[in-house]
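Peer 1: Chains W and Z, in that order, are what the protein sequence lines are. Sequential numbering of the first sequence, starting at 0, is according to numbering that gives the first Met the number 0. Sequential numbering of the second sequence, starting at 0, is according to numbering that gives the first Met the number 0.
Just so you know, these hints were derived from the structure itself, not from any lab. Remember, predicted model here, so these are calculated numbers, not experimental data. Incorrect hints may appear among the rest.
As the list makes no split between identical chains, a pair holds if one copy fits it or if it spans any two.
To be verified - Keeping only pairs whose Cα atoms sit at most 35 Å apart, straight-line, the calculated DSBU-like set for lysine-lysine is:
1) K375 / K356
2) K116 / K56
3) K333 / K200
4) K375 / K165
5) K375 / K132
6) K236 / K189
7) K411 / K70
8) K333 / K29
9) K63 / K113
10) K132 / K404
11) K116 / K222
12) K375 / K411
13) K387 / K56
2 protein chains.
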Amino acid sequence: MSEIITPRLPSGFNELLPDDQRVFDVLIEKITREYESFGYSHLETTALELTEILQAKGGDSTDKEMYSFTKGTTDLSLHYDLTVPLARFIAEHESQLTFPFKRYQIQKVWRAEKPQKGRYREFYQCDIDVIGKPTVGMDAEVVAVTINALNSAGVFPVVVHIAHRKVLQEMILGIGVTQDFSAIIKCVDKLEKIGVAGVEKMLSEISLNSDQIRRVIEFASHKGTGTEVIAALADYKISPPVLDELCEISDLLSSYGVLDQVVFDMSITRGLEYYTGFVFETNIVGHEDVGSIASGGRYDNLCGYYSKSAYAGTGFSIGLSRLFSVCSDQIKSKLLPESSLVVVVALADTFYQEALKVAQTLREKGMVVEVLHDIKSMRDQLSYANAKGASRVVIIGEDEVAVNKVTLKDMKTGAQEMVEVINV
Amino acid sequence: MSEIITPRLPSGFNELLPDDQRVFDVLIEKITREYESFGYSHLETTALELTEILQAKGGDSTDKEMYSFTKGTTDLSLHYDLTVPLARFIAEHESQLTFPFKRYQIQKVWRAEKPQKGRYREFYQCDIDVIGKPTVGMDAEVVAVTINALNSAGVFPVVVHIAHRKVLQEMILGIGVTQDFSAIIKCVDKLEKIGVAGVEKMLSEISLNSDQIRRVIEFASHKGTGTEVIAALADYKISPPVLDELCEISDLLSSYGVLDQVVFDMSITRGLEYYTGFVFETNIVGHEDVGSIASGGRYDNLCGYYSKSAYAGTGFSIGLSRLFSVCSDQIKSKLLPESSLVVVVALADTFYQEALKVAQTLREKGMVVEVLHDIKSMRDQLSYANAKGASRVVIIGEDEVAVNKVTLKDMKTGAQEMVEVINV
Numbered sequence: 000m001s002e003i004i005t006p007r008l009p010s011g012f013n014e015l016l017p018d019d020q021r022v023f024d025v026l027i028e029k030i031t032r033e034y035e036s037f038g039y040s041h042l043e044t045t046a047l048e049l050t051e052i053l054q055a056k057g058g059d060s061t062d063k064e065m066y067s068f069t070k071g072t073t074d075l076s077l078h079y080d081l082t083v084p085l086a087r088f089i090a091e092h093e094s095q096l097t098f099p100f101k102r103y104q105i106q107k108v109w110r111a112e113k114p115q116k117g118r119y120r121e122f123y124q125c126d127i128d129v130i131g132k133p134t135v136g137m138d139a140e141v142v143a144v145t146i147n148a149l150n151s152a153g154v155f156p157v158v159v160h161i162a163h164r165k166v167l168q169e170m171i172l173g174i175g176v177t178q179d180f181s182a183i184i185k186c187v188d189k190l191e192k193i194g195v196a197g198v199e200k201m202l203s204e205i206s207l208n209s210d211q212i213r214r215v216i217e218f219a220s221h222k223g224t225g226t227e228v229i230a231a232l233a234d235y236k237i238s239p240p241v242l243d244e245l246c247e248i249s250d251l252l253s254s255y256g257v258l259d260q261v262v263f264d265m266s267i268t269r270g271l272e273y274y275t276g277f278v279f280e281t282n283i284v285g286h287e288d289v290g291s292i293a294s295g296g297r298y299d300n301l302c303g304y305y306s307k308s309a310y311a312g313t314g315f316s317i318g319l320s321r322l323f324s325v326c327s328d329q330i331k332s333k334l335l336p337e338s339s340l341v342v343v344v345a346l347a348d349t350f351y352q353e354a355l356k357v358a359q360t361l362r363e364k365g366m367v368v369e370v371l372h373d374i375k376s377m378r379d380q381l382s383y384a385n386a387k388g389a390s391r392v393v394i395i396g397e398d399e400v401a402v403n404k405v406t407l408k409d410m411k412t413g414a415q416e417m418v419e420v421i422n423v
Numbered sequence: 000m001s002e003i004i005t006p007r008l009p010s011g012f013n014e015l016l017p018d019d020q021r022v023f024d025v026l027i028e029k030i031t032r033e034y035e036s037f038g039y040s041h042l043e044t045t046a047l048e049l050t051e052i053l054q055a056k057g058g059d060s061t062d063k064e065m066y067s068f069t070k071g072t073t074d075l076s077l078h079y080d081l082t083v084p085l086a087r088f089i090a091e092h093e094s095q096l097t098f099p100f101k102r103y104q105i106q107k108v109w110r111a112e113k114p115q116k117g118r119y120r121e122f123y124q125c126d127i128d129v130i131g132k133p134t135v136g137m138d139a140e141v142v143a144v145t146i147n148a149l150n151s152a153g154v155f156p157v158v159v160h161i162a163h164r165k166v167l168q169e170m171i172l173g174i175g176v177t178q179d180f181s182a183i184i185k186c187v188d189k190l191e192k193i194g195v196a197g198v199e200k201m202l203s204e205i206s207l208n209s210d211q212i213r214r215v216i217e218f219a220s221h222k223g224t225g226t227e228v229i230a231a232l233a234d235y236k237i238s239p240p241v242l243d244e245l246c247e248i249s250d251l252l253s254s255y256g257v258l259d260q261v262v263f264d265m266s267i268t269r270g271l272e273y274y275t276g277f278v279f280e281t282n283i284v285g286h287e288d289v290g291s292i293a294s295g296g297r298y299d300n301l302c303g304y305y306s307k308s309a310y311a312g313t314g315f316s317i318g319l320s321r322l323f324s325v326c327s328d329q330i331k332s333k334l335l336p337e338s339s340l341v342v343v344v345a346l347a348d349t350f351y352q353e354a355l356k357v358a359q360t361l362r363e364k365g366m367v368v369e370v371l372h373d374i375k376s377m378r379d380q381l382s383y384a385n386a387k388g389a390s391r392v393v394i395i396g397e398d399e400v401a402v403n404k405v406t407l408k409d410m411k412t413g414a415q416e417m418v419e420v421i422n423v
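The shape of chain W in the complex, shown without the other chains:
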């Protein structure tokens, strides 16, 4: 063999060892079950897309972060989110889908960002979106589903922070700000990261006067229940239809039984340009420092780059790899399923085939069963069973075969008894 190449992953990439993978799978299963219980259909789009499709949105930092290349004469890229592929999919198949179209998508995405703790370059997102005639009911649903999904993991309390782009927009028009709205959004969005002084500086750099800056900062400090925030907003010139939407989502979230995990928080804006109504972020209580682990919002024109039809919708995306990397220890201790593995131990080569048959019978009863193929001492086989976390072993030797039974040993208590295979 030629020289050894050091086995390693590219920088910023990550994999799980088998025990962690089991926990990760349980997490995905719980989230999936919740998405499906609300009637969302599973969609999986290709990882590679035409670069032209993914770049349609154009501009900003996305291009730099995309893994793009040319193969033959085709420009290809790995998708960097699941929203643009959804837009392309809907435009491509609009006549084949039932609307409102509700889909969930749990896939890896790729972004060549600077790696940090909990942020990888290849990572999982769990997205749900409802596409159809826009109603506040849709917005409330994606919030309720996402809270239920995170609760079903059952390892930490989460709080969803809700704001509304139109509230912010009417507020800034009300105080005479004429600057580009998306610039204001980007400033307020930085509040948590860079603090009040930093945002004041940013706002002054785009020429807001000091009174306007004071009012924007004051506005962004409003946080509380729907009732509290709506009361506080009386000081600003917000139109009744927009205020009504805040009331309505609060009422609906109460019907879903999740209102106690929601806070209306006017500092939330989401950096992305395509949101046009409600915006959502989610914190883990006690781990606010890691930032939002699930975010989303309402958009009015999802497929504009690919179709003349107008599709509005609401979506919510859980950053699964990030969530897992932050909370993996808590998740592990609470979610790791008790091992149900049974190892069948043949006491000599002559009992190996009998062991295979017993194992197959137990599998047909729904059990997870292993047989070691390289029959060594009982001690070696028990040590393997231990290393794999087996709950029980089934031992087959001369005594057992003589009476057509097996010895069942509990790996926790050490207790053992001879039983018929059917009673294992």
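Place chain Z on chain W using the hints.
Peer 2: What follows is chain Z alone, placed relative to chain W:
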């Protein structure tokens, strides 16, 4: 909005609509359950790897088919199989794994091949491998697991064709062939594709004499049960230990209860160079023309490019996307789970919140429930329920609220009755 970009996938790429995706998911679930019942651990490796790692094997057509590119100063590639990543993973984590290491991996791989029916450039493979001290028991196990997995889909009978590289090797040495063994393998491997005359031509091109060619073709025609083939091999100079392996695997597959789905077939060689013992291919009965839908074999040095430790093992890989594309209609008719969707219909806006509460109660009972957020006529809502294949609808209106019940309508029979929510 600027000009419309035609929504489309790159050539050779494929996605499933929601109904097909459901079937595909059920298929994956069934295969996964079978893999897990034999104690295989789930592994998921990154899609992107360092090109240096994936190219270690070097040579042949693999490089041309890889999606490779440079990002910054790093050469990256999408993995084109799940075996090379497994080798890298084991070499990287050898001290953290329990051996024999048994893992399953169900992931997409990417190959820039010429697309054909059932062959895509981004597609799923389901791989199992056992890595440890090599025994025939390991080989028998991966065959049994794969047959069980394909049977559990329950839609078509499959037959695994088994051969042994060493049998072929001893046979050709026995007839005085001194040409490169891998060249012979590549010729015999083409039998099904190009027929006897084609292979005869290939063999004569690498200078086998006509008697040798006749004997190779004759050898490759042996096909049948273990007993039959072992009897036929008496004409060739095959050593007893190698013949014993054929006997042994036949006995073991009988213990697993799958011998009736196995045929010993000396024409099977597998093109790949790394196999050193048994090789396997799998046909769907009645669909032999699509070729092997699951293949594998024994290898003696998995991690040689990445580690000085010698790891032997046996693996079997199901070409899931290909299998699905060939049999999707049969699979669909047999596997598509009966829809359990319930749509809750509010007869007017005023009952919408009540509908949300009822839906949430039913979900807590484990049901899949949707509520339309844009409350239109009952007719419109029933038509949505129909389009989504709902089995039942729950109707809430004035009459129902008055007696604190709901109307339950069976979508198949049309029968309806008023019941308490708890009895839905």
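Peer 1: Run the structure past the numbered hints and jot down the numbers of the failing ones, going up.
Peer 2: When the structure is compared with the hints, numbers 3 and 7 turn out to be violated.
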